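Line order of the protein sequences matches chains L and E. With my numbering applied, the first sequence covers 1 to 120. With my numbering applied, the second sequence covers 1 to 110.
Computed list of lysine to any residue pairs in SDA-like fashion (alpha-carbon distance at most 20 Å, straight line):
1) Lys-45/L / Ser-11/E
2) Lys-45/L / Lys-106/E
3) Lys-45/L / Val-94/L
Because the hints were derived from the structure by calculation, they are not lab data. Everything numeric in this text was worked out from a predicted model, so none of it was measured.
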Amino acid sequence: QVQLQESGPGLVKPSQTLSLTCTVFGGSIYSGGNYWSWIRQHPAKGLEWIGYIYYSGSTFYNPSLKSRVTISVDTSKNHFSLKLSSVTAADTAVYYCAKVSLVDNWFDPWGQGTLVTVSS
Amino acid sequence: NFMLTQPHSVSESPGKTVTISCTRGSGSIASNYVQWYQQRPGSSPTTVIYDDNQRPSGVPDRFSGSIDSSSNSASLTISGLKTEDEADYYCQSYDTNAVFFGGGTKLTVL
Numbered sequence: 001q002v003q004l005q006e007s008g009p010g011l012v013k014p015s016q017t018l019s020l021t022c023t024v025f026g027g028s029i030y031s032g033g034n035y036w037s038w039i040r041q042h043p044a045k046g047l048e049w050i051g052y053i054y055y056s057g058s059t060f061y062n063p064s065l066k067s068r069v070t071i072s073v074d075t076s077k078n079h080f081s082l083k084l085s086s087v088t089a090a091d092t093a094v095y096y097c098a099k100v101s102l103v104d105n106w107f108d109p110w111g112q113g114t115l116v117t118v119s120s
Numbered sequence: 001n002f003m004l005t006q007p008h009s010v011s012e013s014p015g016k017t018v019t020i021s022c023t024r025g026s027g028s029i030a031s032n033y034v035q036w037y038q039q040r041p042g043s044s045p046t047t048v049i050y051d052d053n054q055r056p057s058g059v060p061d062r063f064s065g066s067i068d069s070s071s072n073s074a075s076l077t078i079s080g081l082k083t084e085d086e087a088d089y090y091c092q093s094y095d096t097n098a099v100f101f102g103g104g105t106k107l108t109v110l
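Input sequences plus hints: build the corresponding full structure.
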């Protein structure tokens with residue numbers, strides 16, 4: 001059974017780049033049939049799709065974040081990563097990674113999430 | 001692009017039935033599958049319904065999903081409410097290379 005785990009700094013300074021990694025356990029990113037996605041949730045707010053990547057490296061981003069987001073994949077380490085540049089306090093959120101079925105865009109499973117706070 | 005609109009909150013008593021709606025703002029609700037996720041406080045979302053009306057293994061049959069083309073909406077119905085069903089529920093759908101979440105509905109079971 002696939003499990004995902006986010007990792008990375010919990011505190012980032014304004015104007016810097018937020019960097020997170022999602023490691024996949026119990027399955028291979030290289031197997032195909034799935035996208036690998038990042039989603040965030042602002043405190044006490046709803047879910048916001050950030051983007052996703054296919055194992056080949058093809059990426060799709062939320063247009064509202066596209067200018068600041070890079071998602072990459074490292075199949076040798078079975079993980080994928082998120083970089084969000086020029087962060088502000090508005091980027092403070094819990095960041096989740098998830099496996100997404102290509103067929104129906106079903107997000108399952110999700111990682112446990114990691115809180116990233118943007119503050120000086 | 002489109003929006004998915006959910007009621008902010010709903011409440012119902014234990015043992016009763018509640019329905020949460022998810023209205024698609026543009027384009028047909030039937031064009032793309034709808035998923036429903038449950039999120040308890042402090043936890044990550046988990047699936048209760050996928051592909052409009054399918055239940056993952058382990059989700060009780062008290063949870064059901066449907067779509068209605070006349071109202072261009074999807075619905076999540078929970079029957080025989082239990083206090084453990086109290087959570088936030090999110091609908092989700094997609095378009096070509098884009099994903100959309102509803103704003104979430106807080107279900108209170110009191």
